[in-house]
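Asks: Make the full structure from the sequences, and use the hints.
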Amino acid sequence: MYTVLPFSEDGFVGSCTHPKLSENACRQNAHTRYFIEYLRAIGCKTIVVEQDYVDRDYLVDFTAYYARCFFDYDRKCKRLHFFSGDFAAGDLEALLDGSMSPMPERFGKYLGFIVVKPLPVRFFGRTCLVTYPTDGGRRFPSLRRYDVHLAGEPLSVESLAFQEQDRDVAACATAAIWSALHKTAKEFGFRIPTPSEITRMVDESSSTSQRNIPNNGLTVEQIRHAIKKTGLEAEIFSVPNLAALKTHIYAYHAFGLPVILGYGLETNQGELLGAHAVTVAGMNLDTKGAAPTLTAQRIIKLYLHDDQAGPFSRATFGAGETLETQFPDPHGPVLAKPRKVPGQQPSYTVIVPVYPKIRISVTEAIDYLKDLLKFFSRLQFGGIEWDVRLISNTEYKKQIPTTTTAREVIRRVRTAQLPRFMWLLRGTTQRGLLFDLLLDATSIRDAELHVHRVFYDEAVRSHVWNNILADKSVQDRLMQSTHERFAKAILAVFEPDKPTAPANSDAVIIA
Amino acid sequence: MASPSPVQEPVLKLTKQEFLEALSKPDPELPEADALDEGEEVTPDTLRIVFTV
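Taken in sequence, the protein lines are chains A and B. Take the first sequence: its letter number 402 is residue 402 in the working numbering, and every next letter is one higher. Heads up, the working numbering is the position in the second sequence plus 1000, with the first residue counted as 1.
It should be emphasised that the hints constitute simulated quantities derived from the structure, not laboratory data.
A short, non-exhaustive set of chain B residues, derived as facing chain A with CB atoms under 8 Å:
#1 1014
#2 1022
#3 1031
Just so it is clear, CB atoms sit at the ideal spot from N, CA and C, and this is done for glycine as well.
Replies: Structure follows, in structure tokens:
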């Protein structure tokens, strides 16, 4: 059963209401207000309401909790679909009875859906909406495709699933894990658990004595345990300042992995609200400003799946060590701040669910970068911007710039035998790309990690090699002045390419 | 990602000897050192942070 109505505040509120949710309660809900503004921003014109929708996530939560409550709760939801075109009920009827197919242009772009759960509070379920336009510096690398069928009509939306915190079967951290796994588990072939399943995955023997359902919150340890139970591993970092936070988030998120971010919340009245966990679902980079040393430092905003605010809610980097969030508060903006840990400086918590084969973390990549920075400083060669991020073998070979790179270099890259996951350290100067150093992200710690390099600026490479590094005494001195594995990586970067075998050979080139 | 600008010749005036001298000096100060901060050690106290809001 479908209903069509033009998008408006009243139309949206009316679409959400059900026997356990009054129009007034819906209108006062902070998420309702957020969604109305968001749908306006993405250009929504028409809503199609799908009644009696069976949502897997809610159904599992229903059987785990709501079915056993004394009061009756419905097991079916509503799903609201959003379109950028203007159309009426008759148009949808014509589509449904087959007299108009395929979907005509006047339906416009499919903007995604929101599942409305039959609950009196916290009723916004699985939500997949298009992002703000990606022009300018906005980046949403962790989106995936969600296929939807509207009465047999195939539709799809590029998004990352969001849902409001259900305090009965889940907490904010559960929602953050659930959103992150929607990309990471799917990407690496693992099953995506529902919120109540995540809550039940939590190790009951861990540090908190609180019960799982109803749920009052998860610890970092419990988050790690839940992630491990899905088959993935959790990289955990305790990051003391916003600059380092940008470095850590960018390193994983630019690869397409959502990052779970934990922080303390403080109102602008100075009231501490407690610790909160969100999922980083996008970032905004200043692409016009002066080149920083690290590309990650270009981040000026994060887009968060904040279960208390909404999907792709903004967190803006301001002065000091705080982020201004869209967490709802009548007194004004709520700030995200580092959390105090006994014996340490206050820190943000960064948790990244990763494929188990990704064994080398960004920490090792930063170690290599530090030595590169020292090397170039001693060389008195400045003005390099460093892009440090995880990358897959396939993605690396796909992204190599074909218009500005020599054909021989492209061939070397595309025929190189490389590990499945690598850390990319890419230097860029005002002249363009300088070089890429690739580290094996599947290796073991403290091993030699460099597996390949591509030098784009041959004038720089040959100058440094011929005039300085080719000399054995300089190489020996370099080995003595830094850790051997870093020195070897630097020499590998500047060494001349070895002659390549013809295209029809099985040659493997590891520079 | 660096802002585009006219192509310039690489500015590398350093000699081999000067580089060797630079290697014998203490490590240079790193630019944007905060951004390279690897963070605090993850301890049992870190793992006990509870997200409740």
